[in-house]
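The lines below spell out each chain.
Protein chains: 2
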Amino acid sequence: MTVKVYGFVGSNATYRVLASLYEKNVDFELVTVNMAAWEHKRPRFLARNPFGQIPAFEDGDVTLFESRAITRYAAEAYAGKGTDLISKDPMKSAIQAVWMEVEVQKYDPATSKLTWELFFKPMFGMTTDDEVVAEFEKKLEPVLDVYEQRLTECKYLGGDAFSLADLHHIPNTHILMGTKVKSQFDARPHVSAWASDILSRPAWAKVTAMLKK
Amino acid sequence: MTVKVYGFVGSNATYRVLASLYEKNVDFELVTVNMAAWEHKRPRFLARNPFGQIPAFEDGDVTLFESRAITRYAAEAYAGKGTDLISKDPMKSAIQAVWMEVEVQKYDPATSKLTWELFFKPMFGMTTDDEVVAEFEKKLEPVLDVYEQRLTECKYLGGDAFSLADLHHIPNTHILMGTKVKSQFDARPHVSAWASDILSRPAWAKVTAMLKK
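Chains as they are written, first to last, in full-length UniProt numbering: chain A, 1 to 213; chain B, 1 to 213.
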């Protein structure tokens with residue numbers, strides 16, 4: 001049975017899932033959801049995700065949505081394959097879970113606004129709102145200060161090994177590296193080294209290769 | 001070694017953690033952080049949570065923060081005690097993880113704004129912004145529509161058994177039941193029954209008893 005990801009090239013949540021599957025060496029088929037035709041709001045897709053958002057996921061009888069729940073499933077269901085994305089040591093996985101929550105609660109809210117204003121809006125021919133950019137640049141600063149301190153203590157956010165806690169950061173970070181927000185990363189040596197490290201993973205190179213097609 | 005929760009009576013994130021510990025029958029000590037004295041921004045607390053927010057958590061050598069990471073730890077580290085808050089069946093726990101993410105991504109953003117405007121602001125002598133209330137009431141409606149449909153399929157959001165996916169909803173839902181937003185729940189019979197069910201759990205009664213002291 002092939003693992004299927006129902007998503008869209010251009011969606012960071014889809015990329016998050018694909019990065020995890022490449023890390024786990026899990027073969028998958030990307031089924032493109034035609035969002036321009038509102039396919040994600042039709043009954044067939046709503047049966048996969050009642051909120052009508054991509055990605056959705058299928059692995060045999062398992063159907064899931066929410067990108068971070070899918071990556072956790074990939075990490076746990078394919079624990080024996082590829083990169084360990086969640087530690088088998090319960091004390092270590094508890095720490096990784098803390099930093100996975102930090103990504104959701106602190107990093108994603110600021111960086112999703114910034115990627116929207118600085119990357120997606122210009123791409124769609126819309127005008128960037130400089131006030132919103134300034135507001136969320138200011139919100140990102142103290143988050144990256146905490147990350148800088150954390151990354152002096154260990155190489156990755158969740159500990160000494162790369163994990164989902166880092167992986168979940170990749171798509172937004174990838175985009176921000178092509179914007180003026182990169183200067184916030186450059187100003188913090190440990191954050192900067194960490195960003196280069198997680199963005200240079202072979203699994204992520206496979207995702208960005210799909211983007212260029 | 002006593003489990004310690006560093007928190008504050010009046011904090012929904014603290015209550016989320018306490019509810020999980022009562023469900024697991026784990027003895028704990030609540031160490032009150034004096035937020036009025038900015039204790040949460042002092043070095044000793046920042047060593048527990050570098051973001052300077054409550055709650056923080058200690059169990060022997062394990063120190064954690066972020067309420068939902070702490071509840072997950074409680075569920076996993078005390079798997080043999082009290083209520084099963086995460087299923088031991090990986091397929092079932094994957095579905096529970098989906099609905100835990102839904103709470104974070106959909107329910108919490110709307111309901112945290114509503115509890116702030118309708119409960120905490122009046123409590124602090126501040127004025128409720130009716131426009132914000134209207135905006136987030138509107139955002140909550142489609143979320144509860146999906147919940148209503150989901151709860152026709154199974155008794156709890158994560159499946160047939162109560163889990164962290166439900167527990168994480170309790171604190172905000174408890175507050176909303178005392179506001180005009182209750183009408184949104186009343187209008188949906190399955191959501192209304194689910195809310196009554198999760199709010200009537202003995203573990204939650206123990207938390208609300210602390211509130212009344």
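Wrong hints could be hidden among the right ones.
Same chains, same label: a pair holds when it works inside one copy or across any pair of copies.
[Said to hold, decoys possible] Below, simulated PhoX-like cross-link-like pairs (lysine-lysine); rule was C-alpha separation at most 20 Å, straight line:
| hint | residue 1 | residue 2 |
| --- | --- | --- |
| 1 | Lys92 | Lys139 |
| 2 | Lys41 | Lys139 |
| 3 | Lys139 | Lys182 |
| 4 | Lys139 | Lys113 |
| 5 | Lys206 | Lys155 |
Hints in this document: simulated from the structure, not taken from any laboratory. Computed from a predicted model, the values in this text were never measured in an experiment.
Taking the hints in turn, this is what the structure says about them:
| no. | hint | in the structure |
| --- | --- | --- |
| 1 | Lys92 x Lys139 | neither (28 Å within a copy, 37 Å between copies) |
| 2 | Lys41 x Lys139 | between (33 Å within a copy, 17 Å between copies) |
| 3 | Lys139 x Lys182 | within (15 Å within a copy, 33 Å between copies) |
| 4 | Lys139 x Lys113 | both (11 Å within a copy, 18 Å between copies) |
| 5 | Lys206 x Lys155 | neither (23 Å within a copy, 41 Å between copies) |
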